[in-house]
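K.L.:
Sequence:
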Amino acid sequence: MKNQAGFTMIEVIVTLVLVGIVALMGGMAIVQVTQGYIFTKDNAELTQKAQLATSRITKEIVEMTGISADATASTLPLKNNIRNVTIGLNAGSIKIAPDGTALNSGDILVDNVHAFTLTYYSKDNAGNWVANTSWSTASDIRNLIAVDISMQLPRTGGGYLTFQNRISPRNNKNQGGTVPTTPPPTAPSYGFGCFVATAAYGAPDHPMVMLLRDFRDRYLLTWTGGRWLAKQYYTHGPAAADVIRNRPVAMWAVRCLLAPLAALTFCLIYAPLAIPFLAVISLILTGALFSAGRRRQIKLPFLRFMNQRGSVLIGLIGTMVVMGVLGAAMLPILSASSMNQAFADQGRKTYFLAESGFRYAASQFLNVGTEAAKETALTNLNNKTCNLSGNGGSFTIGVYPYWSKTSSVSGGTTLSTTIAGTNPSSTTPAKRNTSSGGYLRIGSDFYSFTNDSGSTGTTAVYTGLSPAMASVPATPVDVLPVVLPAGTQTVTNGGNLTLSATGAGAFPVFNGNFKLNGGGMVYSYEKRSGNTLINITLADSTKTWSNFTVTSGAITDAATTKIVLDKYLQISSTGALGNNSREILYNVPVGWMAGGGEFQKKNHLDKMDNAAGWFNASGQAMGTHAVTGGAMQVSSVINPTTSGSGLVDFIAGLFGWGDNGLWGFIGFNWGNTETNLAQAWHDAGGCLSYDLQVKMNNTLQYFMTGIAFRMRNNNGTQADNTLDLYTYGVSVVRQRETRSRVRVVGIYGSWSNWDFNDDINPDLRPFTAVGVNVTSSHTIQTADWWFGTQIEARYHAPVILLWQRTGPPVGLGSFKKLAYRTITAADGLTTGSGTSLVLKPWVTLMVRLIEGYELPFNTGLVDAAGKHLKYGDIITNGTKSARIIGTPIMTTAWGGNNTTAGAGTLILTNVSGAFANGDNLYLEGGTTAYARASGGQAAAKKNYIMVYYSSTAASGTANTIQADNNRLANPRYTTQTQANWPPDDWTERTAANDYFSLIGGTTAAVRWTNLDTTADSQGYSASFVDALSTTDFYNAVIRTDALVSPAWSSTSTPANFNTPGDGVALVTSSSAPNTANTTFYDDFAIQLDMKAGTGFLPPIQQ
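Add 271 to a position in the sequence shown, counting from 1, and you land on the number used in this note's numbering.
These are calculated hints, taken from the structure and not from any lab test. Fair warning: this is a prediction, and the values are worked out from it, not measured in the lab. Treat the hints with care, since some could be wrong.
[What the hints assert, rightly or not] Capping the alpha-carbon separation at 30 angstroms, the derived lysine-lysine pairs in DSSO-like fashion look like this:
1) 320 / 620
2) 702 / 838
3) 394 / 872
All chains should be built: construct the whole structure from the sequences, respecting the hints.
P.N.:
Structure follows, in C-alpha cells:
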C-alpha cells in the first residue's frame, strides 16, 4: 500500500482498544496495590502497638527484683527498686497497674488482645531449665532464669499475629544456668534477618528487609527448590554482608540492585495481577518496536519507531501507566523507610555501651590475682574512658567502693584511709552518708566515729575515733562500715531487720551483703528503706537458712551484734555515641564468686560420650578401653608385666603389679577440667578433699570394678624393678571358684579340688578361704563324649571393698584390704540369686575423701537462732584460724537452742597456727565461743574416707537417714549437667537429696563387715573415727594416714603438687572382661572445693 492513511486510522482504533484493556488491568492492579498498602499499613500499626507493649513489659521484667504476689500464666505482680506494679490480661487488654490499684483500673499497654501467656523458667537441682506456668512468692526469685511472653492480636482480614519474647531478669541476682532444652519461642524459619539486605539498609526492621523476608517465608520455604536456595543464601550471605556493612557506596549500590527485586516481590505478595499487567505492557512496547522496524528499513530501528506518531502515543501511555504502577507499589515502602531511624536509635546503643562498660570492669577486676592487684585495678578503672574502634562510641567508668584501707592515724582519734576509686559521698551517685558518724570494723576490731569531715575524692577521713588507735598496722587493713540493730530481733528468711539510726546511711540502698560480727554466714538484703534492711536472704542460695537473732547494745559490748557490710561497689558506666549518652548505676556486692565464703564447688560430669577426658592413647592406659554406646567399655585386662610401649609417668608404677592379677587402668585427665586437683590442694593449704562417683555395669557373675584414687608412683625405677604405683581403691568384688574333671569315652574322672579362678589378686579377695559364703555350683564348660573337660563354678557373696596398695619409697609394695561390706538383696544392687546373681545395671559407687587435721571439741554451742559449727565455717582464736572441712562428727549430739552439749571431732584445713586444748573456738569475726578444744590439734594431716552406693531405681522411701537402704533413684544422666551428691553437711540432709546409702550407721547390715586396723609395712593403719552410735557416722568414717597429699608451705604453688601428686582412675580386675567384654563404666563425676577469684556478684541495675 502506497497510501498509509487508512492504516493510521486502524492504528488509532487499535490503540484505543489496547488502552482500554490496559486501563482495565491497570485499575485492578492499582486496587490490589492499594489494598496491599492498607494491609501493610494496618499490620505495621499492629506491630508497632505490640512492640510498644512488649518493650514496656520487657523493661519491667528486666528490672524486677522479686514478685509481690503469686504470678500466674496471665498476671505478673512484680516489684523493683522503686515501686511495685502488676502486669496482666484484663478484659481483652494488657494492663499495668501500680501497687494499690486494681488491674482493671490500670493503664492499657495494648488493647484488643486475643491471648496473653507468661511462662516462667527455673533450674532444677541438676541445672536443667524447667518451664512453669506460675511462680509462687515462696519460690526463691534467684532461681527465675527467664520469662517468656506471648501475645496474640487480631489482624486485618482475619487471623492473628503472634508476638513472643524471652526476657532474662537483670536484678533478681540470678547467676544463670545451662542452655535451656526448650528453645526461645520463635516461628520455624531460616532466621529473622536477611544478611545482605540488612547490611545494605542498615537495620533488620527496614521495610525492604521485611518485604524480602516475607517473600522468603511465603514462597521460597514452601517448596524444595526454594528451601535449597534459602539454605545456600544463609550459608554464603553473612560473608557478603560483611563486605557491604558500614560502606556507604557499597550499601547504595546494593540498594539499587535490590530495588527492582523488591518491587517485583511487592507485586507478587500484595498485587499479583500487576504482574500480568506489566507483562502486557512489555508485549505492547515490544510489538510496537518490531512493527515500526518492519514497515521502514532504517538502520536505527528506534529512530523509525520515534517517527510513528501512533506508536509514540502508545509508548508514552504505556510508560506512564508502568511508572504509575511502580510508583504506587513503591509508595508505602519509600514512605515507611523514614521509620528506620526509630529502629536504629542511638539511645539503645548508648545503653549497650554502658552495659559493655560494666562487663569490662567486672572482667578486669576478676582477672587479676591478689587483693592488692584487684584494688589497683579498681583505681585504674576509675574515670577511665574506653573508645570503640570504627567510631562505635565509648563508655566511661566511675568506681565508688564502700570500703577503704588504713593509711595513717593522727592523735589516736583521726583515721585517714585510702579508697580504690572515688569516695562514695553524698555528692556522688552513690550518695553514702556518714557525716553524722557511725561504726567501723578496722581489721578485726570495732570502733565508733563522730563524722567524716576532711574526706576527699580518694580519701575517707574518720574523726572522733573511739577507742583511740595508737597506730595503724604496718600492712594496711580493711575498713568496713558497721551498723547495730535497733533492738533484739529474730530474722526469718525473707524478713526485715531494723537498724539503729546511727551510721545506717553508710549501708548502700540496694543489694548489700553483710555478715554478723564480721564472720560466718553471708546474708543479702534487697534494699534499705531508711533504717530497715528489707528482704534478707542467704547470699548463697545453695545453703540452708537458719533464723538468727541480733542483740542491741553498745559497740564496745561483746554481746552486741555487729552487722558488718561486706565489700561493696557502686559502678557508674556511661555509654556515649555522638551527642547521646546514658549512665547506668550498678549496685555490686564484691565477694567470692560462690556467693558467700571464699570456696565454691567445682563439678565435672563425664557421660562417656567420648574418651576426651581420659588418658586412653597408646602407652597411657593398661588394658583396652573404648567408648561405645555412651559408656566406657573394658574389653581386655592384662598382667602388668606385659611388654609394650610403656605407660605415662603417673601410672608407670603399674609394672610393679606384675603377676598380681589381671588389671585394667584408665586415668582421668583432671588437668583438662575445672576440677583441678593441684589448685584445690593449694587453695586448701595443702589438704586435698574430693568426691568421686561412677556407674558400673557387669553382666557376668564375678567381677572387680571401681575407682582408684590418691594414686602416685613411688621413687623407684622400672629398670631396677623398684618402681611401684600406690593407691586407694573402692570396688565391687565377687570372687569365683572352679573345679574340673576329665571325661574319656563318656566316663568322667574325679573332680579336682575347688580353687579360686578369677584372676583377682589373692590379697584383695575378701573371702580368703575356699568354700566360705559360696553359692551352689553350675557348669560353665561341658566335656565332649570322647574326650574333654567339664568345669563347674560357684561364687562368693558380692562385696563393696575398700583397699590400698602401699609400700616403701623405693621398692615394691603390697595390697591390703582396709574394709569390706557384704552386699545383700536389701541393698537393691543385685538381681537374681545363687549362680544367676549379677549386679543390676549401672549401680553407682561413690567415695568421699576428706583430708585435714583433727581437732576434738566439746561444749558445742547451739545459739538462740539454732546455729552451730558446720562445714565451711572459719574458726578462730587470736591469731589461730582454720576452715572446717566435712561435717562435724559427733560423739555427743547438738543440744537445743542456747545449749552447749555438743562434742565430737572437727576436721580442719587452711590451718594457721595450732589450736591447743582448752582454746575457745570462735566464728571468724565473732566474739561468741561456739565450742572449746578438748584436745590439741593433730600435728599431721590424715585421710578420712566414706563410701556410698546407689542404684538406678528407688529403694524404699527416701528420708533424712543416709546410712540406710531407703533412697531416691539415681538413674543414668541423660539431660543432667551435674551429678547428684549427698549434702556436704549432715544437717542439710533432706528426703529430696537422699540419693545415696552411706556404709555405716546404726544398722549392722549397712555397716562395714570388717575393718583391718593392723599397720602396713610402713606403719600406716586405719581406724574408725569415734561417732555417736545413733548417728549415720557410726563406723562410717575411716581414718588412715597413708597416701596423704604432698607437703605444703606458705611458699608452695600448684606446681609443687605434681610430684608425688594425685591420680584418679577407673580400675578393673578379674578375667571377666577378657571373657565376654562384659564391663562398662558411665557417668563418672568428681566434685571438690576450690577458691574462685573475688569478683562482682549479681548487681542491681539503676
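K.L.:
Indicate, hint by hint, whether the structure satisfies it.
P.N.:
Here is what the structure says about each hint:
1. 320 / 620: Judged against 30 angstroms, a Cα distance of about 22 angstroms means the pair holds.
2. 702 / 838: holds (17 angstroms)
3. 394 / 872: Holds, at about 17 angstroms.
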